[in-house]
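Modelling step: build the complete structure from the supplied sequences, incorporating the hints.
Number of protein chains: 2
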Amino acid sequence: MKKKPIPTKIYLTEDEMPKSWYNLRADMKEKHEPFLNPATLKEVTAEDLGHIFCDELVKQELDQTTRYIEIPEGIRDFYKMFRPSPLVRAYWLEKELDTPAEIYYKFEGNNTSGSHKLNSAVAQVYYAKQQGITHLTTETGAGQWGTALAMACAFYKIPLDVYMVKVSSEQKPFRREVMRTYGANVIPSPSDTTTIGRKILEEFPGTGGSLGCAISEAVECAMTVPNSRYVLGSVLDQVVLHQSIIGLECQTALKKYGVKPDIIIGCAGGGSNLGGLIAPFMGEKLTGKADYRFIAVEPASCPSLTRGVYRYDFCDTGKMTPLAKMYTLGSNFMPSSNHAGGLRYHGMSPILSKLYHDGYMEAVSVEQTKVFEAAERFAKCEGILPAPESSHAIKATIDEALKCKESGEKKVILFGLTGTGYFDLTAYKAYNDGTMSDYIPSDEELKKSFDTLPVIE
Amino acid sequence: MKKKPIPTKIYLTEDEMPKSWYNLRADMKEKHEPFLNPATLKEVTAEDLGHIFCDELVKQELDQTTRYIEIPEGIRDFYKMFRPSPLVRAYWLEKELDTPAEIYYKFEGNNTSGSHKLNSAVAQVYYAKQQGITHLTTETGAGQWGTALAMACAFYKIPLDVYMVKVSSEQKPFRREVMRTYGANVIPSPSDTTTIGRKILEEFPGTGGSLGCAISEAVECAMTVPNSRYVLGSVLDQVVLHQSIIGLECQTALKKYGVKPDIIIGCAGGGSNLGGLIAPFMGEKLTGKADYRFIAVEPASCPSLTRGVYRYDFCDTGKMTPLAKMYTLGSNFMPSSNHAGGLRYHGMSPILSKLYHDGYMEAVSVEQTKVFEAAERFAKCEGILPAPESSHAIKATIDEALKCKESGEKKVILFGLTGTGYFDLTAYKAYNDGTMSDYIPSDEELKKSFDTLPVIE
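Just so you know, the protein sequences line up as chains V and Z, in that order. Its first residue numbered 1, the first sequence is counted upward by one per residue in the working numbering. Its first residue numbered 1001, the second sequence is counted upward by one per residue in the working numbering.
Please keep in mind that the hints were generated in silico from the structure rather than gathered at the bench. Only a predicted model underlies this, so the values are computations on that prediction, with no experimental measurement involved. Do not take every clue at face value.
Result set (DSBU-like, lysine-lysine): computed pairs, CA atoms no more than 35 Å apart in a straight line [claimed, not checked]:
1. Z:K1199 with Z:K1129
2. V:K19 with Z:K1199
3. Z:K1411 with V:K80
4. Z:K1260 with Z:K1095
5. V:K157 with V:K260
6. V:K260 with Z:K1019
As structure tokens, then:
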């Protein structure tokens, strides 16, 4: 019998959308080490976290055992605005590469945030609204998370302060404007609106800021404004939980078409997209139901998995947040300013760090100019202008597909196309003009950064 | 029996996508007046047009009788990259307006051109490729058409020169960069690369250019470069034909859900989106099978239907293109520079002009600040940041829905959401900053422009 050809884009119906998130931790025999209270260095309690996050999210953050957590109807209704997202068969890229491999990508960019970030933003704002929270704060670097959160806050009518890394807010005035259009108050960080911001400005006048510093300011702001909470777009377990909808939709769509991936590839900054994409597949691997190769792709200029250390570290520069056991370059590490786009975070999701450490996942780092080369090649044949972050996954996918070409293997590759590059054209321009360069931190630079890590026990 | 609820987003399957375009002219008892050769003022022949357009497109341009024209498989394959586009039930906008009306929109922005323009770009480049054409030229104003064409040319590997209205290329450097990323050569117009460009530069040094002028340069370039042709993104009958896929998909989706629109609304610049959206519905109206209200929405600053004259005019400033009988403000008319986004063209599709003239369609004009007010209201509840062009249709839709609220009528409104506003944030910023203003040309200004119209017979 002739197999039915697979359509270019596979959309689930709204009825087929997942009704629960999948909590990968429930299937990890060994959990990651607990977060530590930065003051006492003891395991954080729900009460500790309750000052920063709203209650339902604290519960999700600490829940290591419930396998499926129901997605409230209100969140599912919002999801329908932009989900299900398409799973695309990259016929044209396959043809361009002349590879026997089958390539699929899950495209999360069809929404105004231009990325997968909205999946968790909606959830976090929904729970805040349910709890009667009347103000939220966050930080944003490249701006996708800030935009996603501004959209969710506009919908649920909650005022939002976004601390945007100063250099990004200057390089990306349009990102800032989208957030403003959705009603958010965008503050370039470091700013004089917080104690930590003023301290950093005094110490480093004229600094362009960093994500770690913006997190500190946002957390301080949330703890100062009455009835406010802080929300975070990556790294945390709750974020990986919410993002599992990416992987769950992939799983349903692939099953529907009788396709089983051999390799699953995603870019990794803080780990939100990669964690969400691989979650249900990793669950199958951990429980012996199936086997997959997982590849995390990170920038050579900010290589937390491939060159970082697996240690306890702060999640922010101001050392106000809980400590996490994770792969880290040190909370003071600043990726080179020539590095475009996101994936600039010093650490990595504790869940992914643990899985990588235990050998369930591989990681590679790729150089920036090669990433943009892959991005343009992809754009020209598949139509979509990819975000620089997503293009890391494209680069690794092309490499794997070309290996298949050499070996003649007909592997099935699935990668996460997290978003679009419409707000990254300054970087594309640098690439087009031939002025983009690569930067790889030296061993000395990294060692110096590791020396500043906190010593626990 | 309880009616099945309509999902938020209605996607057709790829199998359900139209296999033919619908040629509205076949159902118009009275056709629009023929195009005239600018040199002889006689009806254009296929041979005349063949110097500018490639053969298959000339055939389509002149075909007034074939009701359905097959979409070649190659074009259908490309369409699958970004189509079918979703038909969205605007539940949240309905709630926001507290209206008994049902609102649907066809969203054409889910592709890198950010608009419906890709529907015709693909077709035009495909036929050029089939004919062995090795170079294409076009003009672009706001940049959606240029981007769409750059994408299609990258895919079919045909070099492309885009004459971009100079003031736009300066205001929208990122639009320019997207085109460059897809390999197009973008030339700010007027330029010194053409005779007409040099002439205009000499006459008006420092001018920011206009769409009519960029068309002239692109046509001249196509006629100078060997084996080159010119392609146009609006106004022409062939474009309305290709864009009919928007309306056809709407029709199929609405039938599937048992919904019949009462009012169909679209923004109108040159008429490509509006013509495509309404085509099959207008066909039903013309043949007495159904009745609908059609509303064309144009900017108050460039009001060709509502304040223009129905006369023969040139399609470009340089008077190189065929003359069309259409609603026009005069080919020298320049909309105020404070007008943001597209919809700046002096004329209007001859098909739509004829239908409007014969009373089958209504038209309204709306002011810019009201358009952006509607855009932000829409963005905050429906999630999508709309293009300024599309927001004209949103404004008129909101007005109609509010009328329903007053009258208690449960009308069904369908509008075309042609694209996204990601490259229009300078305009959004002006609106957010309160510096955006409205401009309405005076009667004297228009009269002066009408006086320059060519006198035919």
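* Check each numbered hint against the structure and report the violated ones by number, ascending. => Hints 2, 5 are the ones this structure does not satisfy, whereas the remaining hints hold.
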